Structures are given as C-alpha cells and as structure tokens.
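Student: Below, each chain spelled out in residue letters.
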Amino acid sequence: MTAAKQNHPAIEVRHLFAGYGRKTILRDISFTVPQGQIVTVLGGSGCGKSTLLKHLIGLYQPKSGDILIQGRSIVNASDEERRSIMKTFGVAYQGGALFRSMTLAENIALPLEEYTDLTRAQIAVRVEEKLCMVNLRGYGAMMPGDLSGGMVKRAAFARAMALDPAILFFDEPSAGLDPLSSASLDQLILSIRERTGATILVVTHELDSIFTIADRAVMLSAATRSIIADGPPAELRDHSPDRQVRNFLKRGREPEPRQPNED
Amino acid sequence: MIRRDSIILQMGGATALIGSELLTFIQFIGEMTASIFGALRHPGKVRRKETLYYMNVCGADGLPITILICFLAGMIIGYQAAVQMRKYGAEGFLPGLVGCTVVRELAPLMVAVIATGRAGSAFAAEIGTMKVSEEIDALRTMGFDPIRFLVLPKLIAMLCMIPLLTIFGDIAGILGGLTVGVGQLEMPLDSYYQTTVIWVKPKYFFEGIFKSGIFAYIITVTACWRGFRTGNDAIAVGRATTSTVVISILMIVIADAILAHFFNTIFFTV
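Residue numbers (the working numbering), protein chains in the order written: chain A, 1 to 263; chain B, 1001 to 1270.
None of these hints come from the bench; they were simulated from the model.
No incorrect hints appear here.
Okay, derived cross-link-like pairs now, DSBU-like style, lysine-lysine, Cα gap no bigger than 35 Å in a straight line:
#, chain 1, residue 1, chain 2, residue 2
1, A, LYS54, B, LYS1049
2, B, LYS1087, B, LYS1201
3, A, LYS54, B, LYS1045
4, A, LYS250, A, LYS63
5, A, LYS54, A, LYS250
6, A, LYS23, A, LYS63
7, A, LYS250, A, LYS23
8, A, LYS54, A, LYS23
9, B, LYS1049, A, LYS87
10, A, LYS87, A, LYS54
11, A, LYS87, B, LYS1045
12, A, LYS63, A, LYS87
Here are some of the chain B residues that sit facing chain A, going by a computed Cβ distance under 10 Å:
#, residue
13, GLU1050
14, TYR1053
15, THR1129
16, MET1130
17, SER1133
18, ALA1138
19, MET1142
20, GLY1143
21, ASP1145
All values derive from a computational prediction rather than experimental measurement.
Every residue, glycine too, gets a C-beta built ideally from N, C-alpha and C.
Extracted from the complex, chain B is given alone in its bound form:
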C-alpha cells in the first residue's frame, strides 16, 4: 500500500522547498550584484569576446522572429480594435490605440517572451550542462568567479540587446497596425502616421524601453540561477530549462503589472 502524506505535510514540504529555493535566489542575486560592482570597478575584467558572442545570439539572431511576431501582434490588435471601433465610428483613434499598446506593453512583453524562449532557456541549458560536466567546478578550482565568467557577459548582452530589439518590435508592431488601418479601414497613410506621432509620446516609448531592461535582467538572473541550481544529470538540465521559461514568464508578467501601476500612478498621472 502506498503511504501518502497528509495535505498539511505536503503543503509544509512544498513551502519549505519554495522557501529554500527563494533563499538561493536571493543569495544568487547578492553574488551577482557583487560581481556587477566588481566589473564596474575593473571593466577590463569583463570577458569582451563572450559578451559580443551573446550580443549576437540574443540580438541579431533574434531579430527576424521578433519583427515577425511584433508585426503580427500589431496587426491582430489593429483588426480586433477596428471591428469594435467601427461600431462607434471611432476608427480615427486606431493609430493611437495600436501605437500606445504596442510601445507601452506589447513590444516589451513579446520581446521578453521571445528572449525567454530563445536566450533564457539556452543560458540555463548551457550553465546546467557545464555544471554536469564539472566545468563550473573547473572554473572554481582555477580560482575564477563563475558569475563573472558565465553570467556577466550574458547580462550585459541582454541589457544592451533586449531594449534594442524592443525598438525594432515597436516599429514592427506599429507597421502591423498601419497595415490594417491603411488596408482595411482605408485610412490615408499620412494621416495614420500623424495620428500615431501625436498619440505615442516619447515618455511611452521610454516606458517600454525601461520595462524591457527590467525584463532582460529578470530573464538573465532566472536562467543563470536555474542553470547553477541544476542537478547532476541530463534530465536535470531539461528541468532547469523548463523551469527557467515558466519562472521567467511568471516574473515578467508580475513585474509588468507592478511597473504598469507604477508608471500610471506616479509618472503619467494627468
């Protein structure tokens, strides 16, 4: 007969597990912060070659998919909004609605989700595999700080490239909305452009860029933390990758909600 623990015991066990994982996460953030300050004091110690490599992986390689997804997302919002707005004769507001939604929310969020799937999972798998094959132990016994070696190049690359990808996502999303506005609603191209410029204020643009920087930090920290927490076999690497995607997306959405509230109540109160 299989002995099953009571629900209370199971809940207690799960809570203890979450607590201990949270503790390692906080410890990891602490170590990473110390490494960041160390890198600021000695910028020459940051591994440039690896940083450029990850910039290419996270940025240039992810550009086509980012543009495609953001363009389609812009189109979808344009279509859905156009149907509703037409009922009230408010089609003229479509450029503003698409522009603001894309720039403030959709592009940063989409880029973050794409980056989680592409870069985040790759980071976790890479560090996890290195742990399994004792490469991280090798770094430590050589007296190297694994965070400086493995995390900082990824973090710098992500902090540079994710906001950059978001700018491309903004443009692609707005173009997606424009395709619907001009193609379906037969709005003049010039009018669509002018309305977008009026509605999408620079502060919304910077809000999106700021958010994307926060998301880049969340993805990198989560992925590297899960990578370092990998067990000692191949299955554990798979688990680390999956948990990276799940935890990152959850944290991104939570952070987005907090930031949305923050920006709307503090900065953009009119």
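For reference, chain A alone in the conformation it holds in the complex:
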C-alpha cells in the first residue's frame, strides 16, 4: 500500500456543520487523520458518530465545511470524482451489510469484478486471500445468513479490503458481539493495519476496543454537538481537563465531587 508514503493526511475534516433540515447534528467539526493511524470516533448515544461517518464516506452532504479524503474533497466533487474517491476507501457497516443474495466469495468479488481487469481465476485467488486475512478461509461458498454475527463482521472487513484501499472505515465493529469475539475483532483490526498499512477510522463506544486499537480518539459530545477531546485514549482518560471525557473513558467511575459549573 503506497498511501502511507503520501504527505497529506488520509482524512481531513474542516469546520464541518451537518444536520437534517433545520436540526444541527454536528457543529464545527475539525480533525485530521494522518496516514497509517487508527483513530476511533467515540461518544455517547445520539452524539452524531454515525452521522459523522456517513458524511466522511460521502453518503450525506454537509451543510458547510469540507472533507478531504487523500487530499481530495468529497464534498465538492462531481459524481464521477466522488465515485473515484470512494474507490480509495472501504467501509464495513455495523450489521455487515453483506448482500444476502450472494455468497461471501461473491460479495468480496463484486468490487473486483466491477473495477479491475482481473480474470475470474485471479479474482478467486484474491477473494481467498482476503478471506484468509479475516480467518474465514473455506467459508467463501456460504451465504451471509448462515454465519454468526462475528463472522459476518469479519466477512464485511474482507469485502471492505477487496480493492486494497488506503483507508478503512469501521462502524461499530464490536456492536452485538460477545467479549471474546469483540477482542478477536480488535486483534484483527490491528493485524490489518500491520499487514496493509491502511489508515483506519473506527466509530465505536466500546472502551476495551478503544484502548486496545486506537492511536488516537476523537470524542463527540451530544450536548455541544462538537468535538470535546482529541488525543491518545489513555492520555485523555488520565489527564483530560474535561471531566465528562475522563468520566466516559473510566465508565463513570471517577471519584470526583460533583461540580455543576464544569459541564
């Protein structure tokens, strides 16, 4: 993967305002994700994590601000440019979003058939390679409906990696999984970064995952609709000046007296 050698950040968000109709969901969001980093976007329910992700991957148009993916604006891009930008990243959705009428192998092969000139045999090799990366070797002929939740998520990772993208977006990868499956998925994310050098942005509120995988955490607040913390998770947990941040990262166990003025 050559993306890691590039000078510009993998993702750059500039003064993003987003919402539906008159409602503002995100206010003045700015952050960058350098090449090769794993960044988690976290925050309580309803803080706008998923909305932010949908803007980053070009599904929603912001009210104002800009989002640069590999130095190219996805906000101001034409449809053709946007499609080209979209090929530089892969997305694994919360529920996997695998096409249920297709086998796992067909799901992974789909972007390869559409966007590459590879022969069927070459595509089959590539599919098997991706399945191996997510520990699903030999499951290619199975339908998504026949797999467990954890396996579906891993298969979604494999599909997201089909075109060897420079950036991977994972939406709540641990949601609905038992602690062991969740931990194994965290290890998988780390191994993907190690093997591919991809930049990874994970939307999650699973603290164990955040401390295991993240180089940096960006925290959103449901109250202010903006970023209230940005830094390495352990540092934020121990030294953030914002009690709300420390509390979130310590599961509300911080033994400090209640200070109404601080919030």
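Start from chain A and add chain B according to the hints.
Tutor: Chain B alone, transformed into the frame defined by chain A:
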C-alpha cells in the same frame, strides 16, 4: 386534551406531503431513465445473472397462477355474457365478446394485478430490507449505482416477462370462455374457434401486449421507488410493500383508462 389541527391545516399538510412524494417519484424516474440510457450505451454493465433470476421469479413462477386466474376470469365473463345474450338470441357473439374483452382488457389487467401482488410487493420488500440493513449504503460507498444494480435487472425482467405472461393469459382466458360456449351453450368447437379468430384482430392482441409493457414499467418503478423510500425499520418495510400494491393498482387502472381512450379514439376509429 388532544389538540387537533383544523381541517385546512391537515389538508395543507397532506398536500405538501403528496407534493414532496411526487417530487421524489419524478426524481426517481429521472435517475432510472439515466440508468436505462447508460445501460443502452454499455449493455455489458447490466447484471445478467440477476436479470435471469428475476425473469424466473416474475415469469416462470407466476405462470400457473396467471393461467388459472385468466382461465376463470374468461369463464366468468362467458357465463355472465351467455345469460344476457341468450335473452336476445345473440349467443353467437359470445366468442367475439369473450375474446376481445380478454385480449384487450382482462388478461393485461389481471396479469398486472397478479404481478403487483407477487413481484411488485417482493421488489419493494427486498429493496426496503436492503435499505434497513445498510446494503444500499454499502453499494453507494463502493461507488456503484444502486439503480443499475437493483432496478434495471428487475425492469428488464418485468418488461420481458409480463407481456409474455399476458399472451398465456390471453390463451387461458379464451379457453375459459370456450369452456362455457362449448359446454353450456353447446356451440361447436370449430365454430367457436372460427368466430374468435374473426373477432379478435391482431391489433387488439398488440393493444393488450403494449398495455402490459406499460403496466410492467409502472409496477417496477413504483415498487422500486417505494423500496428506496422505506424508513429505517421493519414496520417501514411493511408499509412500503402495502403502498406499492395500492399505488401500483391505482396507477395501472388510471393508465388503462387513458390507454383505452387513446386506442379507441386514435387507432381503432372505424
């Protein structure tokens, strides 16, 4: 106390809602037309495997029920007409009446209603469920056009199979009338056949086929549009399916009325 808006406010709200839905419908037709032209320019990009799958679902799977319903509908018309015609000694016109009614109106309409219930509702549920499970978002983020992927195979399948089913419906309906004519009115089989051939002109047959193509387009567009407009939960999928059936049947009947007027005033004026 429950606060109720005035009738004028409610009517205004409903009108605005219908207006905005209509706008999305027109937008959807526009996107679909662009995809159709795209497919005409690059026919290789149409997903053949899915198209064949939907041809099987819409056509072969729907054939038995289509034949049964059209046969029974032909019989019903035959019975009802025979009773009235016998009063005036006009039984001899029964084959013509059944044949023309079946070929011009009944078979295309029946096939369209069956297709709405079978294929239309299935299309809406399929696309709606895909929307709920973020599969459509996944298609978009892979840079694929969801209309090319999800709508075009269905549209091509319906445009091929509904007219084909209508031909089978025509035959079944005429056979239903023949059963009554030969069985109840004791008309000779040969005479019934000859009278049908004289009355049912090729242009009536093509009128029915043309209509069925229009109905196929209406069903597919409505079903896919409702599917894409589904909300984000399972109840919304049910609503999308119901609205597909209601809107499709309404639009089919309206289109049929317009086409009937069109054919009778422009093409078949004698």
